[in-house]
Amino acid sequence: MRAFLHIFLLFLAGWLTPATGATHKHFQQQASQQQLYQSPYWHALLHYKKSRIHKQRVKSELLDPEFFLAKDGAINPETELLATIEAILSQPGDDHNAHASCRFIARTHWLEQQLPGFAQARPATKCELFEQWAQPEQLDSVSLVFASGYLGNPASFYGHILLKLNSSNPSKTYLQHQSLNYGAAVPDQENPVAYIIKGLFGGYQSTFSYGEFYKNSLTYGEHELRDLWEYQLNLTDGEVLQLTYHAWELIGRHHTYYFLKENCAFRMAQLLELIIDARLKPDLQPWAMPISVFHALSVIEQHGQPLISAIKLHPSRQHRFYQKYQQLNAAQKQAVAAIIQNDFKVHSLLDPLPSPEQQAQVLEALFDYVEFAYLGEPEIIQQKKQGLLQTRLMLPVLPQAPFPQPEQFPHQSTRPSMWQLQASSKSDKFIPSMRFRAAYYDLLTAQTGQPPFSGLGMFDVTLAREGQRFVIQQFELLRIEQMNLSTTGLPADSGFAWKVAIGYRPLTRNCSDCRHLYAEGGLGKAIRFQEHGIVYALLDGRLHPAGEQLNLVSAVGRLGAIIDIHPGWRSQLELGWNTYALSNHQSYGWYRWHNRFGQSPDWDIRLSLDNTQNATRWSLSYSRYW
Amino acid sequence: MKKTFFAVALVTAAVSTAPTVQADSSINPWKHCGIGAMIFDDNGAAAAISNIIWDLGTTAISSKISSEESCKGQRVAAAQFLQDTIAQVEEETVIGDGVHLTTVLNLMGCEAAAHPGLIGDMRSNLDLNTEAKAESYFLQLEATIQQNYAAQCTII
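Note that the protein sequences, when read in sequence, are chains D and S. The opening position of the first sequence corresponds to residue 220 in the numbering used here, with each subsequent residue numbered one higher. The opening position of the second sequence corresponds to residue 1310 in the numbering used here, with each subsequent residue numbered one higher.
The set of hints was computed from the structure by calculation and includes no laboratory data. Source: prediction; values computed, not measured. Think of the CB as a built atom: it goes at the ideal place given N, C-alpha and C, for glycine as much as any other residue. Don't take each hint at face value.
Calculated pairs, SDA-like style, for lysine to any residue (alpha carbon to alpha carbon, straight line, at most 20 Å) [what the hints assert, rightly or not]:
{"id": "1", "chain 1": "D", "residue 1": "564", "chain 2": "S", "residue 2": "1407"}
{"id": "2", "chain 1": "S", "residue 1": "1340", "chain 2": "D", "residue 2": "605"}
{"id": "3", "chain 1": "D", "residue 1": "564", "chain 2": "S", "residue 2": "1420"}
{"id": "4", "chain 1": "D", "residue 1": "391", "chain 2": "S", "residue 2": "1421"}
{"id": "5", "chain 1": "S", "residue 1": "1442", "chain 2": "D", "residue 2": "598"}
{"id": "6", "chain 1": "D", "residue 1": "391", "chain 2": "S", "residue 2": "1438"}
{"id": "7", "chain 1": "S", "residue 1": "1442", "chain 2": "D", "residue 2": "500"}
{"id": "8", "chain 1": "D", "residue 1": "391", "chain 2": "S", "residue 2": "1464"}
{"id": "9", "chain 1": "D", "residue 1": "648", "chain 2": "S", "residue 2": "1406"}
{"id": "10", "chain 1": "D", "residue 1": "645", "chain 2": "S", "residue 2": "1438"}
{"id": "11", "chain 1": "S", "residue 1": "1442", "chain 2": "D", "residue 2": "541"}
{"id": "12", "chain 1": "S", "residue 1": "1442", "chain 2": "D", "residue 2": "391"}
{"id": "13", "chain 1": "D", "residue 1": "500", "chain 2": "S", "residue 2": "1337"}
{"id": "14", "chain 1": "S", "residue 1": "1442", "chain 2": "D", "residue 2": "263"}
{"id": "15", "chain 1": "S", "residue 1": "1340", "chain 2": "D", "residue 2": "574"}
{"id": "16", "chain 1": "D", "residue 1": "391", "chain 2": "S", "residue 2": "1437"}
{"id": "17", "chain 1": "S", "residue 1": "1442", "chain 2": "D", "residue 2": "597"}
{"id": "18", "chain 1": "D", "residue 1": "718", "chain 2": "S", "residue 2": "1436"}
{"id": "19", "chain 1": "S", "residue 1": "1442", "chain 2": "D", "residue 2": "608"}
{"id": "20", "chain 1": "S", "residue 1": "1442", "chain 2": "D", "residue 2": "594"}
{"id": "21", "chain 1": "D", "residue 1": "500", "chain 2": "D", "residue 2": "263"}
{"id": "22", "chain 1": "S", "residue 1": "1442", "chain 2": "D", "residue 2": "609"}
{"id": "23", "chain 1": "D", "residue 1": "391", "chain 2": "S", "residue 2": "1436"}
{"id": "24", "chain 1": "D", "residue 1": "564", "chain 2": "S", "residue 2": "1438"}
{"id": "25", "chain 1": "S", "residue 1": "1442", "chain 2": "D", "residue 2": "587"}
{"id": "26", "chain 1": "D", "residue 1": "531", "chain 2": "D", "residue 2": "547"}
{"id": "27", "chain 1": "S", "residue 1": "1340", "chain 2": "D", "residue 2": "587"}
{"id": "28", "chain 1": "D", "residue 1": "391", "chain 2": "S", "residue 2": "1424"}
{"id": "29", "chain 1": "S", "residue 1": "1442", "chain 2": "D", "residue 2": "631"}
{"id": "30", "chain 1": "D", "residue 1": "391", "chain 2": "S", "residue 2": "1407"}
{"id": "31", "chain 1": "S", "residue 1": "1442", "chain 2": "D", "residue 2": "437"}
{"id": "32", "chain 1": "D", "residue 1": "531", "chain 2": "S", "residue 2": "1407"}
Far from chain S by the CB rule (all over 12 Å, computed), these chain D residues [claimed, not checked]:
{"id": "33", "residue": "392"}
{"id": "34", "residue": "441"}
{"id": "35", "residue": "451"}
{"id": "36", "residue": "547"}
{"id": "37", "residue": "614"}
{"id": "38", "residue": "724"}
{"id": "39", "residue": "748"}
{"id": "40", "residue": "750"}
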């Protein structure tokens, strides 16, 4: 009874007067009794990670001493909790923004929910900086944004993730919404080898930064020509706030960056897991992929509703150009080509077009063309656009058609990691094999949100049965194939098809004991035919160890076609000629016909025929993706 | 700890748009607030960031020239937006429509009903030949607003 009276008086003190030492001791005691320091939510807020050796020990993944209020807060959830309670209950100075309740809003909010009377006991603070940043009264929803893959930077091959805080203020466009980004801090002019090694092994620190969404739109959509896919999440107002509170706590804080796992996908998933009762990031798997987060979100229900409430595409400058160009009629397309040929001097080249609408459409497509064709050369862009802008300014303002929203979205693509079981017949023998690919897609994969007819494979290993044992038939550390297709046939809208690969495999098709390490590069040209197909020719050069019959270099000429016969059936036919210059090994020709059936994100079936030096091999495989 | 926090706080304040701050129309954001000069606060991090937008101070204060408050408002945010996106805004002004154009008019506090008229006036006087495009656009926009739309645009 006496204890109850004591607590009641402390509560009363908390209600009526600013917090005292006795008050914080009371709440610390209460928190200890409830063992709040063991709460998974507290551990998530502090980013504690269990030690692999001592399961009872934890250490925060955050590197900034400023993130912790207790001296040993980075490794001690209990002292950090007690210090947080004391700091929140302490009297604020002149600048409330520096007070713990403004710096650690998520912790404060959570403690208010866990400890009865805590909200009333703590001194009132006005967190102006947070309010200016988040404008919480206008917060409407949260979106996760997928930036499609970018082959210009190895760290961006697999796409990127951003968080966007959507405002309900009708006087703001989406470009003014706040967004959160996460990435590694890499010094200028970093050596590419150092970049890869440090990226893989934790040589960089990474941080959360923020900015209005237009900056992301500029960087990704205008400068890197990447589509931004905005997935709006179906969250309650409370969940939106909860997420925003913790996002605020993380701005400017540092983690160790690991390119493969503790990357943007991992950290954004970790942030979302605060409010979503599902696993979004991998646990044991040693890599994390941005697209996997979207695959996971697409099947989650929150409060009985699908978690994804809407998907919107913010097309890149290149994508907008293609869309506008495809809408033009034949005469307009001729005008576009003529103006490009005339170095963007319009003169009378628009005269054959009958209406200002048609003339305006040509000029507007050319704006996009110039920006895309002379990317990274602002002075040239300005010079080429000048006449186009002046001509368009003389035409009237005309209604603009909205960009058509797509029917296929990135999360509907095939998932990035693969297990495959294969049965092959070769010389009347049945050969079972297993294949594992960590990431991501190949020329046959059904995918949206990546360059069309391209391949990006990493850590791709095939084990085949030879006699009584399984051996590594082939291993590819990396393979990139980019067909660089032209959609319009205009001068800047084309490039060379290219390929690079590094791995270990038989260097001729019919041998089983001639596996070598190799590095391969190819260059050629691919063109579209009809709407759903391409034909290509590439010359590959291959570097490998010299042997009895092999020299250091060999070459492969390839001619091929890929066609989507149906959305669920893609077929590739390829003919090739291998030559082994300056060696005794005979040159030989080969052909292959590979097919993918199915368009599910989770599986497909592949049927292949390979013929080399009159030996034919059939293969049937079932692939499972996750 | 406190020092670092205040550094972050200052930067945050600089980047945020604060509706309560009064516009000081005598301030030229390019000349007095460091816009275009890319004055960055030193937060101790490397200058170049991979795959990241490091938004720490494109509207940072050049305190020797101007007071901090006068460089914090929505007007300066509009100037910064123009500096970053002038290629898009100019293009959309010529076309007469677009989200960047709408954004800059929003940042100038202009109500939606005034946008078509303002866009029409901007098109009539748009100078496409100037070197300092963003600054020139901003000054023309301010002059147009002051002349014809002062009642419909709150930050003038």
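Do the hints match the structure? See the list:
no.	hint	result
1	D/564 to S/1407	violated, 25 Å
2	S/1340 to D/605	violated, 26 Å
3	D/564 to S/1420	violated, 38 Å
4	D/391 to S/1421	holds, 11 Å
5	S/1442 to D/598	holds, 12 Å
6	D/391 to S/1438	violated, 30 Å
7	S/1442 to D/500	violated, 45 Å
8	D/391 to S/1464	holds, 15 Å
9	D/648 to S/1406	violated, 67 Å
10	D/645 to S/1438	violated, 70 Å
11	S/1442 to D/541	violated, 28 Å
12	S/1442 to D/391	violated, 24 Å
13	D/500 to S/1337	violated, 47 Å
14	S/1442 to D/263	violated, 48 Å
15	S/1340 to D/574	violated, 44 Å
16	D/391 to S/1437	violated, 27 Å
17	S/1442 to D/597	holds, 12 Å
18	D/718 to S/1436	violated, 46 Å
19	S/1442 to D/608	holds, 13 Å
20	S/1442 to D/594	holds, 19 Å
21	D/500 to D/263	holds, 13 Å
22	S/1442 to D/609	holds, 14 Å
23	D/391 to S/1436	violated, 27 Å
24	D/564 to S/1438	holds, 16 Å
25	S/1442 to D/587	holds, 19 Å
26	D/531 to D/547	violated, 24 Å
27	S/1340 to D/587	violated, 32 Å
28	D/391 to S/1424	holds, 14 Å
29	S/1442 to D/631	violated, 43 Å
30	D/391 to S/1407	holds, 13 Å
31	S/1442 to D/437	holds, 18 Å
32	D/531 to S/1407	holds, 17 Å
33	392	violated, 5 Å
34	441	violated, 7 Å
35	451	holds, 17 Å
36	547	holds, 16 Å
37	614	violated, 9 Å
38	724	holds, 32 Å
39	748	holds, 34 Å
40	750	holds, 29 Å
Of the numbered hints stated above, those contradicted by the structure are hints 1, 2, 3, 6, 7, 9, 10, 11, 12, 13, 14, 15, 16, 18, 23, 26, 27, 29, 33, 34 and 37, listed in ascending order.
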